[in-house]
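Trainee: Based on the provided sequences and hints, a complete structural model is requested.
Quick note on the working numbering: the sequence shown kicks off at 8 and runs consecutively.
The set of hints was computed from the structure by calculation and includes no laboratory data.
Just to be clear, a hint being listed does not mean it is correct.
Below, in silico cross-link-like pairs of lysine to any residue (SDA-like), each with a Cα-Cα straight-line distance of 20 Å or less [stated by the list, open to error]:
#  : residue 1 : residue 2
1  : Lys-211   : Arg-201
2  : Lys-393   : His-456
3  : Lys-395   : Ala-409
4  : Lys-369   : Leu-357
5  : Lys-439   : Asn-457
6  : Lys-369   : Val-31
7  : Lys-297   : Ser-199
8  : Lys-320   : His-259
9  : Lys-447   : Phe-437
10 : Lys-423   : Val-56
11 : Lys-211   : Leu-222
12 : Lys-298   : Ser-309
13 : Lys-423   : Ile-408
14 : Lys-447   : Leu-407
15 : Lys-162   : Leu-192
16 : Lys-447   : Glu-427
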Amino acid sequence: MLLSKLNIDTKSSAAVVLLLAVSVIARIWNIELRPLHHDEGVNFHFFEVLRNKSFYPYSHENFHGPLFFYLGAWLSSLFNDSILGLRMLSIVIGSIIPLGVFLLFRLSKAGLIAAALCAFSPSLLYYSRYAIHEIFFTVAATLLALSFWFWLLDKNKPALLVAAISFAFAVSLKETFVISCFCILLASVLLSPRVLLAGLLQFKSHLALAGLLALILICIIYTGGFQWTTGLRELALSVPQWIGRGTGDVGHVKPWHYYLWIIVKTEPWLFLALFAFPSISLLSNNSKTKKTVIFLGFYTLSLLIVYSLVPYKTPWLIINVTLPAIILLGLLISSLSQALCWTVTSTILLFTLGFGYYFNFKVPYGPKNPFSYVHSTVGTTELVDKVKIHCNENPECLVLIAVSSWPLPYYFRDLKTQIEYDKIKPGMTFEKYSFLVLPKGSKTPKNWHNREELRLSDYHEASLFFRK
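Mentor: What follows is the structure, given as structure tokens:
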């Protein structure tokens with residue numbers, strides 16, 4: 008399995024190269040189709056903070072770890088902070104998933120099938136076109152799970168090295184690493200507590216070295232190369248804060264079946280992997296493959312259960328389930344007879360392409376898209392156009408934005424001297440402004456005209472007032 012000698016197959020290798028190319032195109036194509044989400048605008052703000060200070064001053068109050076910002080800010084700058092640049096890190100990570108899966112399973116048939124499904128998965132494609140942490144975190148967590156399991160199977164030192172690096176990356180990306188690690192250990196216990204215990208007890212020196220490597224990497228990342236030692240304290244504060252938010256937050260509470268519903272709407276074929284893996288795994292004659300199928304099944308199912316039990320839910324968390332589920336599905340399909348294997352693969356791939364196109368290009372956001380959440384609407388881009396036209400025609404003007412502003416600061420990054428962000432205060436006057444963006448329903452200020460209303464996102468609207 009992992010890190011054993013590769014058996015190069017020319018046709019399979021050519022197929023995955025083609026998949027990689029198409030995967031990149033699918034993630035770059037019409038990248039500005041979906042307006043920036045609130046969180047993408049916030050992440051760009053942190054890119055700017057990092058550049059100004061030469062390191063990212065991590066704070067637990069901002070949740071997610073610093074690794075995304077270091078790599079994301081660098082890639083974004085290469086593309087002049089365009090929307091393509093802002094989303095480039097996710098594009099790169101998402102694009103190489105098929106290649107990584109293919110290599111992980113020795114260029115095998117299972118790897119090729121899983122790679123093809125990963126390339127066009129509606130959920131993986133959607134969040135590969137999004138400047139948030141989740142696709143990077145999901146890859147790190149899934150690689151951690153697989154490399155740790157392969158180490159348990161073979162006691163392969165390189166596999167443990169990969170696990171250590173993946174763990175450090177997962178910790179440096181999101182607090183949800185706690186859930187991933189719990190589910191990895193749970194899956195290992197459910198499958199073979201004896202193998203897990205033997206590995207932990209007999210190879211303590213290997214684990215100690217891997218833990219030391221992970222700790223060093225975490226320290227370097229959270230301190231910005233030891234420029235921000237407070238970062239380690241903030242890391243310690245982040246986990247209990249996240250746990251408290253996960254169980255106590257009211258703004259993002261969803262019913263327990265929320266993620267099941269997303270899978271039903273977008274990738275229902277994954278239920279084959281989630282619920283049929285115990286019986287289908289028996290078709291394999293390879294003991295290690297059979298055990299890997301069971302481990303992945305327990306891991307994926309436990310992720311779905313744990314995330315479903317946590318009241319705090321957002322749609323991007325679903326890819327923590329769909330990525331390992333797709334890999335599991337590839338393993339399961341590859342164990343079928345050749346004729347049935349390619350029939351099932353072709354059918355599922357056809358649906359994957361159709362659903363992937365629909366949810367990423369036909370209906371890229373809005374209430375009909377289960378992946379879209381409190382998303383910016385076309386009203387945001389309309390507002391941006393109106394303000395830019397007004398500022399171009401009135402170079403000395405000032406604009407007040409008194410609504411939830413993200414991601415507007417990104418769009419107005421070249422107009423910083425003309426844009427002010429503030430809340431409406433009692434007795435506030437507007438004489439110095441020539442364009443106002445106020446909460447919907449605001450009373451028309453005295454001597455102002457030309458009122459217009461726009462829906463800026465799924466959850467808020469604005470009233471526009473302007474004068475020459």
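Trainee: Just pull the numbers of the violated hints for me, sorted ascending.
Mentor: Structure breaks no hint.
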